[in-house]
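> So the chains spell out like this:
Protein chains: 4
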Amino acid sequence: MIIVLKKGVTEEEIEHVVEKIKGLGLAVHISKGQERTIIGAIGDESVLAATPLEALPGVESVMPILKPYKLVSREFKSEDTVLDISGVKIGGKAVQVIAGPCSVEGRDILLETAREVKNGGATLLRGGAFKPRTSPYSFQGLGEEGLKYLAEARKQTGLPIVTELMDPRDTELLCEYADVIQIGARNMQNFRLLTDVGDCDKPVLLKRGLSATIKEFLMSAEYIASRGNKQIILCERGIRTFETSTRNTLDLSSVPVLKEETHLPVFVDPSHAVGRWELVGALSKASVAVGADGLMIEVHNDPENALCDGVQSLKPDKFSELMAVLKKVAEAVGRTL
Amino acid sequence: MIIVLKKGVTEEEIEHVVEKIKGLGLAVHISKGQERTIIGAIGDESVLAATPLEALPGVESVMPILKPYKLVSREFKSEDTVLDISGVKIGGKAVQVIAGPCSVEGRDILLETAREVKNGGATLLRGGAFKPRTSPYSFQGLGEEGLKYLAEARKQTGLPIVTELMDPRDTELLCEYADVIQIGARNMQNFRLLTDVGDCDKPVLLKRGLSATIKEFLMSAEYIASRGNKQIILCERGIRTFETSTRNTLDLSSVPVLKEETHLPVFVDPSHAVGRWELVGALSKASVAVGADGLMIEVHNDPENALCDGVQSLKPDKFSELMAVLKKVAEAVGRTL
Amino acid sequence: MIIVLKKGVTEEEIEHVVEKIKGLGLAVHISKGQERTIIGAIGDESVLAATPLEALPGVESVMPILKPYKLVSREFKSEDTVLDISGVKIGGKAVQVIAGPCSVEGRDILLETAREVKNGGATLLRGGAFKPRTSPYSFQGLGEEGLKYLAEARKQTGLPIVTELMDPRDTELLCEYADVIQIGARNMQNFRLLTDVGDCDKPVLLKRGLSATIKEFLMSAEYIASRGNKQIILCERGIRTFETSTRNTLDLSSVPVLKEETHLPVFVDPSHAVGRWELVGALSKASVAVGADGLMIEVHNDPENALCDGVQSLKPDKFSELMAVLKKVAEAVGRTL
Amino acid sequence: MIIVLKKGVTEEEIEHVVEKIKGLGLAVHISKGQERTIIGAIGDESVLAATPLEALPGVESVMPILKPYKLVSREFKSEDTVLDISGVKIGGKAVQVIAGPCSVEGRDILLETAREVKNGGATLLRGGAFKPRTSPYSFQGLGEEGLKYLAEARKQTGLPIVTELMDPRDTELLCEYADVIQIGARNMQNFRLLTDVGDCDKPVLLKRGLSATIKEFLMSAEYIASRGNKQIILCERGIRTFETSTRNTLDLSSVPVLKEETHLPVFVDPSHAVGRWELVGALSKASVAVGADGLMIEVHNDPENALCDGVQSLKPDKFSELMAVLKKVAEAVGRTL
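Residue numbers (the numbering used here), protein chains in the order written: chain A, 1 to 337; chain B, 1 to 337; chain C, 1 to 337; chain D, 1 to 337.
Take the hints with a grain of salt, since some may be wrong.
Since the list can't tell identical chains apart, any single copy or any two copies may satisfy a pair.
[Said to hold, decoys possible] Each computed BS3-like pair below joins lysine-lysine, with the alpha-carbon atoms no more than 25 Å apart:
#1 70 to 7
#2 215 to 230
#3 230 to 77
#4 6 to 118
#5 32 to 20
#6 70 to 230
#7 315 to 20
#8 6 to 77
#9 318 to 328
#10 155 to 89
#11 70 to 328
#12 32 to 22
#13 77 to 93
#14 7 to 77
#15 7 to 67
#16 93 to 327
#17 93 to 328
#18 155 to 315
#19 318 to 7
#20 230 to 315
If you are wondering where the hints come from, they were derived from the structure by calculation, not from laboratory data.
Note that the coordinates shown come from a computational prediction; the quantities given were computed from them, not determined experimentally.
Could you put together the complete structure from these sequences and hints?
Here it is in structure tokens:
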């Protein structure tokens, strides 16, 4: 950690900062320049993270040298993490596609959609049983009934299922049914929920929060990993910006940045990012080209009657057409699909 | 609701949209202009909110006419809501100040800080027993022990206490101790937590999410109100923008906008917004001047040894000096403090 | 245009709004619902754009139905615009690549770089003679001398040249040398400069401003088109968001949105968006996959000694390797390169 | 400047970085920690600003220690700059108010408005003769005719005039008429225009760009100062964020941050920031309370017929009422008005 002192800092102030740092067990290195005196604190930087050095008199700014995440960092583990979910390899050469409806709306429609996305080439099935909705007056999901339909769809198609956890009181229930537990964007910093899934042995798909920096995203993954669960899939799904022509702004630069910073697999959800089905195809192709390990795409048999996010759902035939192109894009960048 | 149809829409497409709307029990009004055909749907707009009209062929855009929130709106209740928290009136002529440490760190320091903020003129005491922290390696709060110290501080000073709820499994415990339950910025869209506090009879202080629009902020309040709990205090605490010289950007325009849109009291937390104690005074004065019903300010006896947010905490003497100026600003804009 | 009136609007207020609209030559249609009265103004909406209807008593909000841009809209001209720049077709099936250094730094290095990007497959050459720099103390470009070197590079390689215009007093000079005049992101709303290039007969490459919405971007293109110059290339180059791990956030969703809204060709500049050469490859592939008509990539022979933007420049060999992959991606999405 | 090297950096890479820095005339200090090797470059940091050290092999990140602006910094000149504009002191104890219409629309209406804002207590008159408009089809200003009316208004009222410069070809003309030259938000990084007004001897009111950081804002002021013109007034006018309930988000935290960083006077323009006259009063009070040296407020005699920004203009009587309250707020924070 580098501590920059104010111009005109006194010797007493310097001494006070130095003692503080030494008291935490770190070595100190002082460098007096023409304009500023700088203190380098050498040793385990994490103990300093909890200490408000900026609050000390004479301190102008504090610059950490190391990243605040460890277990999830590429520095900690250089080779890519590859997860195996009932035989589906996540994070390897093959690009995987999670597809299905936003929410589970009924047994028959779910089973039919599951068959169709399987035929289209999807390798995992998505569907929400518990739905976070902006309005208390909107459809909130079928709950356990929805989970049962998902399990039935898995049995029929063999597709592992991905479904969202919203409440720590449902963790046990969800773990019974799900193959992958999804933590939604609005819960990316619900630290209790992260701790809870960190104690499970199920893979977790963690979505990036609407206004989360990449650093915060990785810190949330670190929460899960620090409890012992290292089976984490990161999922970019758009960030909030001033632009209103799409629901959110899909930050595809985050994919190569994440691949540098972490060994964890990185997915992209273009459906929630753009919010309109007409744009999902173009952004899906871009996601594969940019290096994503997988996609999460909303598919609905009958979008105009969907109870949730109908506007952004692809019909099964459009999904199948898209998959054919995605296969070519994957091959162009040295992947398979 | 206004439905704008695409140029070149067919008669069949128009008919299909019209049937859809009529099927939901609304009247339809069609207006054919030179450039566009427009359909007005007349009646209870809320049934349309769940229907993805944008997904219908021929539809270009859909524009709601009414706001999606009801119970919390100024239109629903025109006079200001005034809460009474153990005799402290929130939302009336008097500007109230919640002060105290970020987290409860120990019994003695809390009791001392409580006495000092009371002397300085604070009318409520804040302090976190459960702390949401970006890093899993940071201090997470004292839990129930912290709640007990808060209760002791209340007994000694008479100040009602405000403390944060992070987990629905703690709701009952918190309700035993707290006078006001705080929902933090990162939980503003933790819909299960909102539902839970909506079922309590304790006042709730709801903080605006880092990337929440004012509309979403009010929808989260609506979640609470829709369960029966109408004792809600809204709290602006800065939004996330590109500017990095302050931790967040305090959106003071939100205060007069909220006062137009809702009857609920509106507070401001300048400490978390700016993240540096040197700036807290200026923004506190601005918050009172802009029309806030109250402030939430971090005060710590010994900021350099604080376990949390020491950099943004005022020392008690600075707090007292600030309160003297705030009193004058309040009077300048026709309020008391 | 739809005018929504406030709840409780008086008959006099309605009458006043109606007269105002009729006075502008439009027909009026009034619809009284249970909750709100709505006025539809039928006719040429553009006359209303200049009238502050929101300022009239009783008006709650005003919603335009039509887009504010005309000449550049897909509605005005449905087929794609294809430009021919010395034989290079822009906006057709082939994806074109503009490459070269950020700024022209000297004759020899420019000529060498020009040969290398030509060998790598670039079809146009970029290079700044006038440079907008955040600091007054940074290198500001070689001026006319730089333009001469660019002309020499064109002569040697046959590559048309793209160079930036910063000042209306240089328009004539630039038109003598350049094949395409670039308007930089910081000048996207320099309306006088837009007007000036609108009066030229040179193609214009217009970069999106750092905080410009897609609508504003198209309005700036409309400025140019409204003066008679319809040879416009739009270029996405990243927008400003809260994320700091890349210099800007490349908004690739803007490409399919622009292709819907306008007939003009759309390019992407990943170099300026991400600001680090390691990320340029991934984003270039994504840009081609998402449907861009071309790319603008910074290439420098000796990045560590570059006078400008060395950190984001590819070396010529990396550029050639990338071009080979881009060719495959282009083919995967039905284009050539 | 601190250069952080990558884990696993080689001795050759370290040597290369060291030579590079020494070659620029700086001393080097190397510190090898457990996790990272760090190089401190001691001496005139500005020579490094132009050198892309991040592009060198083995370099992880580069952290400047000093601010990139000099002449405008508080460190360079600790006492506040106070400008004298025809006797109106800007930057002293008195808060000054610039008021008037968005654009000059005609002689009579300007003269009347000028008289009224003078009566209300304004100390400078604003009015645009050249108007930057998002649409090429909107009113673009009266040009020199407008400047003449402004001069006449000054003669009648004694109020110095503030008017916007958009084009370097108008600099001379504007200098003849204006007392303060305004550089609008969209031109904050029109570096040629900044250089031009830096060569004038007229005070400049520089507005913050919509997506400009405070650092960039000060760098633009540095452009002007570096040419010799030190008479600069900074003006916060709202930044672009995701929030749409106000036109922009007024960043009042920028005021105390700027007062720390620079000796220049800081104004606030609440009218453009919020975009609705109903909100202008509250934000004006907040601006004075937060420590602004002045305000810029739009006032129009007949907002519903304004050719520009009628929605955000106060009528003269509302302006006078507001000024009475602002006087009290100014006194509450130790200023006069």
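> A separate judgement is required for each hint: does it hold in the structure or not?
Right, here's what the structure says about each hint:
1. 70 to 7: between (34 Å within a copy, 14 Å between copies)
2. 215 to 230: Within one copy only: 18 Å inside a chain, 37 Å across chains, cut-off 25 Å.
3. 230 to 77: Close inside one copy (12 Å), not across copies (50 Å); limit 25 Å.
4. 6 to 118: neither (63 Å within a copy, 34 Å between copies)
5. 32 to 20: both (19 Å within a copy, 21 Å between copies)
6. 70 to 230: Within. Shortest intra-copy distance 12 Å satisfies the 25 Å Cα cut-off; inter-copy 44 Å does not.
7. 315 to 20: Answer is between; shortest inter-copy Cα gap is 20 Å, intra-copy 62 Å.
8. 6 to 77: between (38 Å within a copy, 15 Å between copies)
9. 318 to 328: Both: 16 Å inside a chain and 23 Å across chains, each within 25 Å.
10. 155 to 89: Answer is within; shortest intra-copy Cα gap is 19 Å, inter-copy 53 Å.
11. 70 to 328: neither (36 Å within a copy, 37 Å between copies)
12. 32 to 22: Both, since 19 Å and 18 Å are each at most 25 Å.
13. 77 to 93: Only inside one copy: residue 77 and residue 93 sit 18 Å apart there, 43 Å across copies, limit 25 Å.
14. 7 to 77: This pair counts as between: shortest inter-copy Cα distance 13 Å, intra-copy 41 Å.
15. 7 to 67: between (28 Å within a copy, 12 Å between copies)
16. 93 to 327: This pair counts as both: shortest intra-copy Cα distance 12 Å, inter-copy 21 Å.
17. 93 to 328: both (14 Å within a copy, 18 Å between copies)
18. 155 to 315: within (23 Å within a copy, 53 Å between copies)
19. 318 to 7: between (63 Å within a copy, 24 Å between copies)
20. 230 to 315: Neither: 35 Å inside a copy, 38 Å across copies.
Checked against the numbered hints given earlier, this structure breaks hints 4, 11 and 20; the rest are met.
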